[in-house]
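**Student:** The residues making up each chain are set out below.
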Amino acid sequence: MKFISQHEHYEHLRKKWIQKQKNILEKFWENHADFLRHLTLGGLGSLVILSTPGMKISPSIQKENYTQQVYLDTTLDKRVTLSQSLAPNLPDEVTNLSPSEETKIAGTLSDKFGFQVEAEMNGIRLNRTYGLIGGEQHLYRYPGDTLLAHFESLSDWAMFAPAGIAPHLGAWGYFAPSKPQFTTEEKNMEKYYIAVQTFLSPGYAENPQKYNEFFKYRKMLIVNPKTGQAVVADIADAGPSEWTGKQLGGSPEVMYLLGLGEGPRKGGVLYFFINDPSGTIPLGPIEPKK
Amino acid sequence: MIYFYSHLVKYESLMGSLDELELSSSQKNDLAQIIDTSLYHMILDLVLSNLSAEDKKQFMILIHDNKNRDEIMGFLNEKINNIEDLITEASENLKEELHQDIKEAKRIKK
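Each protein sequence line maps, in turn, to chains A and B. Position 186, counted from 1, in the first sequence is what the working numbering calls 186; the numbers after and before it change by one each time, with no gaps. So the mapping is simple: the working numbering equals the position in the second sequence, first residue as 1, plus 290.
Mixed in with the good hints there might be a few duds.
To be verified - Below are the SDA-like pairs computed for lysine to any residue, each with C-alpha atoms no more than 20 Å apart in a straight line:
id, chain 1, residue 1, chain 2, residue 2
1, A, K15, B, I398
2, B, K393, A, Q19
3, A, K179, B, R359
4, A, K16, B, R359
5, A, K20, B, K396
6, A, K22, B, N383
7, A, K16, B, D309
8, B, K357, A, N188
9, A, K16, B, R397
10, A, K22, B, E387
11, A, K16, B, L384
12, B, K396, A, K22
13, A, K187, B, N358
14, A, K15, B, R359
15, A, K27, B, N383
16, A, K16, B, K347
17, B, K347, A, E30
18, B, K357, A, P282
19, A, K27, B, E382
Just so you know, the hints here were simulated from the structure itself, not pulled from any lab data. All values derive from a computational prediction rather than experimental measurement.
Please construct the entire structure, taking both the sequences and the accompanying hints into account.
**Tutor:** Here it is as structure tokens:
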């Protein structure tokens, strides 16, 4: 009986494109092997070469890869240390923190990341600082924006496009008035956005304008206490609704960086305001400093 | 991932064509990574082939130090004539090949 694959398109393309990749890499090495070998001895070569299945690696580059592994091990150690530091002050369930738990955790996070984080700022706080985060969709960034325009590589498209794009705008509208005026900073604001329950913030109903001005693109440190993964994100939307049982939402990129990008796309996270008046702390993934 | 040349490569037509194939997430991811890696090394080859030995080293330091796109492209624009056009042309040629391959794959009868 003839075996018929259910993935013929994929298998055909994969075979063809692996060969194309091999040809490109062979030409690359043929043209630049001497230069890169020389550079690797100075510690630079392998870090710029993307990993490739089946790629032959010279001994000098293997040695450099060891250095990369040491770097990775150190980063992972710091995450584990962070997770272990947080554990004693976390409740068993993902529920609101007591004042003393909140103070201790804010202190730990400030110490580990090297900048001040706070549960309350300018007299304003959210309803929670420890809650369940769920996956959100991408947001329209300027008039005429499309889902596909969000991605700068095919790998990013493959990973983050399936989340889709929300039919509504974020809480503050478009990030930029037009495509020509759309900046890299605004690109990062959508990429690393979170939605929080602004409307449940104590005192919100009495003065929504003041509270919205405070929350608009406010930077927050989001930490997965189980893994030590963390992101500097900004508030770009309001939600989710109380009935969902979740307390905040993360963009597809934020969820991925917190280690919650697959499976149920849900998990417990700590979230605190970042005290950054001069705007020096960049949005995106962040590692504990110690 | 953002590469120093990402703003010069338009991926949307490829994304659309791959979407039409109804691939699973892992299959899309796999093919996407193969294309990204191929394009990266092709452009790296192009850039290094047009730099002097000293400038090659300087370029690699910029990449290694994870400098922002503006700084890397500023350096390349200074050192290589029409580098942005060269990168765009090379990526368009590769994209054209990939589109042809996808057309060929679609002709395969199940």
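**Student:** Run every hint past the structure and note whether it holds.
**Tutor:** Evaluation of the provided hints:
1. A:K15 x B:I398: Cα-Cα ~14 Å, so holds.
2. B:K393 x A:Q19: With Cα atoms ~18 Å apart, B:K393 and A:Q19 stay inside 20 Å; holds.
3. A:K179 x B:R359: 19 Å, holds
4. A:K16 x B:R359: With a Cα-Cα distance of about 31 Å, the restraint between A:K16 and B:R359 is violated, given a limit of 20 Å.
5. A:K20 x B:K396: Given pair A:K20, B:K396 holds - Cα atoms ~19 Å apart, limit 20 Å.
6. A:K22 x B:N383: 17 Å, holds
7. A:K16 x B:D309: Measuring from Cα to Cα gives roughly 18 Å; hence the hint holds.
8. B:K357 x A:N188: 16 Å, holds
9. A:K16 x B:R397: 15 Å, holds
10. A:K22 x B:E387: Given that 20 Å is the threshold and the Cα spacing comes to 15 Å, the pair holds.
11. A:K16 x B:L384: 13 Å, holds
12. B:K396 x A:K22: Violated. B:K396 to A:K22 sits at ~23 Å, over the 20 Å cutoff.
13. A:K187 x B:N358: Holds: A:K187 and B:N358 sit about 14 Å apart, inside 20 Å.
14. A:K15 x B:R359: The hint is violated at about 33 Å.
15. A:K27 x B:N383: 16 Å, holds
16. A:K16 x B:K347: 33 Å, violated
17. B:K347 x A:E30: 18 Å, holds
18. B:K357 x A:P282: Roughly 14 Å between the alpha carbons, so the hint for B:K357 and A:P282 holds.
19. A:K27 x B:E382: Satisfied, since the Cα-Cα distance of roughly 19 Å is no more than 20 Å.
Figure legend: structure checked against the earlier numbered hints; hints not met, in rising order: 4, 12, 14 and 16.
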